[in-house]
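Asks: Just so you know, the protein sequences line up as chains L and Y, in that order.
When we follow our numbering, the leftmost residue of the first sequence carries the number 1, and every step to the right adds one.
When we follow our numbering, the leftmost residue of the second sequence carries the number 1001, and every step to the right adds one.
Because the hints were derived from the structure by calculation, they are not lab data.
Keep in mind it's a predicted model, so treat the numbers as computed, not measured.
Some clues are possibly wrong.
Claimed, not checked - With beta-carbon atoms standing in for the labels, derived distance ranges: (1) L:287 x Y:1313: 36 to 42 Å; (2) Y:1280 x L:215: 25 to 31 Å; (3) Y:1307 x L:269: 43 to 49 Å; (4) L:51 x Y:1103: 49 to 55 Å; (5) Y:1041 x L:116: 42 to 48 Å; (6) L:50 x Y:1307: 49 to 55 Å; (7) L:194 x Y:1308: 51 to 57 Å; (8) Y:1352 x L:51: 56 to 62 Å; (9) Y:1098 x L:193: 46 to 52 Å; (10) Y:1047 x L:102: 21 to 27 Å.
Claimed, not checked - Straight line, CA to CA, 20 Å or less: simulated EDC-like cross-link-like pairs of lysine to aspartate or glutamate: (11) Y:1346 x Y:1219; (12) L:346 x Y:1267; (13) Y:1346 x Y:1215; (14) Y:1346 x L:215; (15) L:346 x L:138; (16) L:346 x L:219.
Claimed, not checked - So the derived list for chain Y, only partly shown, Cβ under 10 Å to chain L, looks like this: (17) 1092; (18) 1248; (19) 1323.
Even glycine gets a Cβ: it sits at the ideal position worked out from N, Cα and C.
There are 2 protein chains.
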Amino acid sequence: MHAPAIQYDSDHAASSAGWLFLREIRDQPAALERLLEQAAEIATLGEALAARRPRLVRLVAHGSSDNAAAYGVYAFGLLAGWTAVRDSISLPVYYGASVRFDDSTVLALSQSGSTPDVVAYVEHARARGAFTVAVTNEPASPLAEAAHAVLFLAAGEERAIAATKTYTNQLAALALLAAAVGGRGGSLARDIARLADQLARALDPLEAAVLPIADALVDAVRMFVVGRGAEFASARETALKLVETCRVAAVPLTATDLVHGPVAALEPLFPVWAIASDDATLPAVATAVRRARETGAPVIACGSAAGALDGASHRLPTPVAPIPVLAPLLTAAPGQLFAWALARAKGLDPDRPSHLTKVTLTP
Amino acid sequence: MHAPAIQYDSDHAASSAGWLFLREIRDQPAALERLLEQAAEIATLGEALAARRPRLVRLVAHGSSDNAAAYGVYAFGLLAGWTAVRDSISLPVYYGASVRFDDSTVLALSQSGSTPDVVAYVEHARARGAFTVAVTNEPASPLAEAAHAVLFLAAGEERAIAATKTYTNQLAALALLAAAVGGRGGSLARDIARLADQLARALDPLEAAVLPIADALVDAVRMFVVGRGAEFASARETALKLVETCRVAAVPLTATDLVHGPVAALEPLFPVWAIASDDATLPAVATAVRRARETGAPVIACGSAAGALDGASHRLPTPVAPIPVLAPLLTAAPGQLFAWALARAKGLDPDRPSHLTKVTLTP
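So that you can see chain L by itself, here it is in the shape it has in the complex (with noise of 0.2 Å):
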């Protein structure tokens, strides 16, 4: 078993800025323990899938949803061997295109099961013959109501404005379902138990070691945050924390496309965030994180792997997945407790970004 994730006395955490973000963040082991309570339905849910046979995957969602869609294409094509695509929902909702969905299943993302253009597509898709999934931490929902079935996050309530554990649990929910079709979803549920507990014993370190960079980085405004593969998606998401929550305007890149025109932009003063984790695409990381050193850039590198990157300036090492595909399920952490420390760094509250609410309403 792992330590209590949540630490309400811990002294930088309370009563201070972004406590609400932290303790969601130290939540996220037991999160994915509550919604592993969900594999039976998840599991009848992929045979259901399965049993279908959809010549294509349709994922739909915004913001941190969107970025564990990313991670969905990778969690069908390697556990299930199924083709999954980020859609575009402009095409039917807003356009009208004539797009086939019969043979179609539509996984819709979203947090709060609200976000507008996200069920008028799931509406769309489901009058046009696709069987559509709402993959939510809200069952009560608009969008749950207007699919025919419904993922349930099971993460608890998340309160801080930036997505933490609904966006871990969706990459751990999107897994389970892909290995359930995959017909392996039992032996991916006891990885994921046993990733939550190298998660939780991580995240204390993690913690004290994010600390001294967002000090030593406090007054960088642009980073590049780079992956390849799956661990694209945790370059999203560690980007999009590191702009709602530091005012960082940060690029997520391949590590191939860094190679192939921004590594012009970088110079001493502009960070290079690199995830780095022990499978086939690290040579590609590697090159990248040898040609951003060459220009002065710092790098932070984190992941299985952020050991053996040469020329790294800082080193934020995860655990080795219990399978490589799970990777990204822990590297989000390291990304969203830099965010936490650089925010509080530069003196912002990462529990209150400017100019937000938790649910966005319009178009």
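Since the structure of chain L is provided, determine the placement of chain Y on it from the hints.
Replies: Leaving out everything else, chain Y in the frame of chain L:
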């Protein structure tokens, strides 16, 4: 007929920083006309695609070509009624995932035809039954050799490191191909010919109009670039030009995603570039602009509806495209010209981005 697209003797262009980049921006109308000379071949290719009736069009690329692929999703959705997606290169190439290719057509985009993992993807997909097309400016390239068919971009030699005319010709080529699939290639070719004339007439006024905006925003190091639907391709491409040539950390966001979270980062020193075309996505863009203005962020609006956006600080109106799906062929140019002007205002040479070469051969 339009004015000569290349004016070597322009005061601020000849023998000065950014001359190559500007020359190629100005060459875009002529480049489009060169592409139109290939219209018969593209129509034949479109008929071959239509005869195969693929279930899925898989677009693969990096950098500017990947931004063109984002447009291809809309070109095929709107002109052919087909589902096209920006596919993961990593899944088959790095992870060896077993992806079903026998019902797919692959469009692989690379200006140079030399991007290694794009070539590897084509070889992999072709060996597994996909019909493969190289969309390239180099018909004697590894990519062209690997694919079943070549769609030659005919943009003319592109010497500036930051792509411009090859990008615009990629958009036009994808639109021509999708229209040919949809049985309307002839009328679309006429529309593109009209658009080339519109673009030729628009370039001089746009070039004059970006200069004072660049002076006003010379200190900007962070930007958001916002579009929605088909115009998200122009948002991605404008952001990439700003990153490569101006060292601005420019984050492309859909209008809806801006409101969903990143609006929290905005402030008077954090400008927003908004692409507003007069189509069904305009209300979403107008909402995003209104929310951005509430933060005090300067907003530069381009597109055919730039004049209609309340509160924009600067406007760069572009012509109304002959048909709405072609609008992104007109909204890339203001972003290219602004990147050229801003780089010069910052004392950078947009022809010589640091740390880059024209062809990227690393993984």
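Asks: Keeping to a limit of 20 Å between CA atoms, is the pair of residue 1346 of chain Y and residue 215 of chain L held or broken?
Replies: With a Cα-Cα distance of about 29 Å, the restraint between residue 1346 of chain Y and residue 215 of chain L is violated, given a limit of 20 Å.
Asks: Using the Cβ atoms, figure out if residue 1098 of chain Y sits within 46 to 52 Å of residue 193 of chain L.
Replies: violated, 27 Å
Asks: Could one say that the CB atoms of residue 51 of chain L and residue 1103 of chain Y fall in the range 49 to 55 Å?
Replies: Since residue 51 of chain L and residue 1103 of chain Y have Cβ atoms about 20 Å apart, the given range 49 to 55 Å is violated.
Asks: So the hint says 49 to 55 Å: do the beta-carbon atoms of residue 50 of chain L and residue 1307 of chain Y match that?
Replies: holds, 52 Å
Asks: Is residue 1346 of chain Y close enough to residue 1219 of chain Y, meaning Cα to Cα at most 20 Å?
Replies: holds, 8 Å
Asks: Given the hint of 56 to 62 Å, is the C-beta distance from residue 1352 of chain Y to residue 51 of chain L inside that range or not?
Replies: For residue 1352 of chain Y and residue 51 of chain L the Cβ distance comes to about 58 Å; the hint holds.
Asks: Next pair to validate is residue 346 of chain L with residue 1267 of chain Y; report whether the Cα-Cα distance is within 20 Å.
Replies: The hint holds at about 15 Å.
Asks: Between residue 1346 of chain Y and residue 1215 of chain Y, does the CA-CA distance stay at or below 20 Å?
Replies: Between residue 1346 of chain Y and residue 1215 of chain Y the Cα gap is close to 9 Å, so the pair holds against 20 Å.
Asks: Against the 20 Å threshold, does the CA-CA distance of residue 346 of chain L and residue 138 of chain L hold or violate the hint?
Replies: Distance ~33 Å between residue 346 of chain L and residue 138 of chain L Cα, so the pair is violated.
Asks: Given the hint that residue 346 of chain L pairs with residue 219 of chain L, does the C-alpha gap stay at or below 20 Å?
Replies: Roughly 8 Å between the alpha carbons, so the hint for residue 346 of chain L and residue 219 of chain L holds.
Asks: Does the Cβ distance between residue 1280 of chain Y and residue 215 of chain L fall inside 25 to 31 Å?
Replies: Violated - the Cβ-Cβ distance for residue 1280 of chain Y and residue 215 of chain L, about 47 Å, lies outside 25 to 31 Å.
Asks: Holds or violated: the 51 to 57 Å window for the beta-carbon distance between residue 194 of chain L and residue 1308 of chain Y?
Replies: Distance hint for residue 194 of chain L, residue 1308 of chain Y holds at roughly 56 Å.
Comparing the model with each numbered hint stated earlier shows that hints 2, 3, 4, 9, 14, 15, 19 do not hold.
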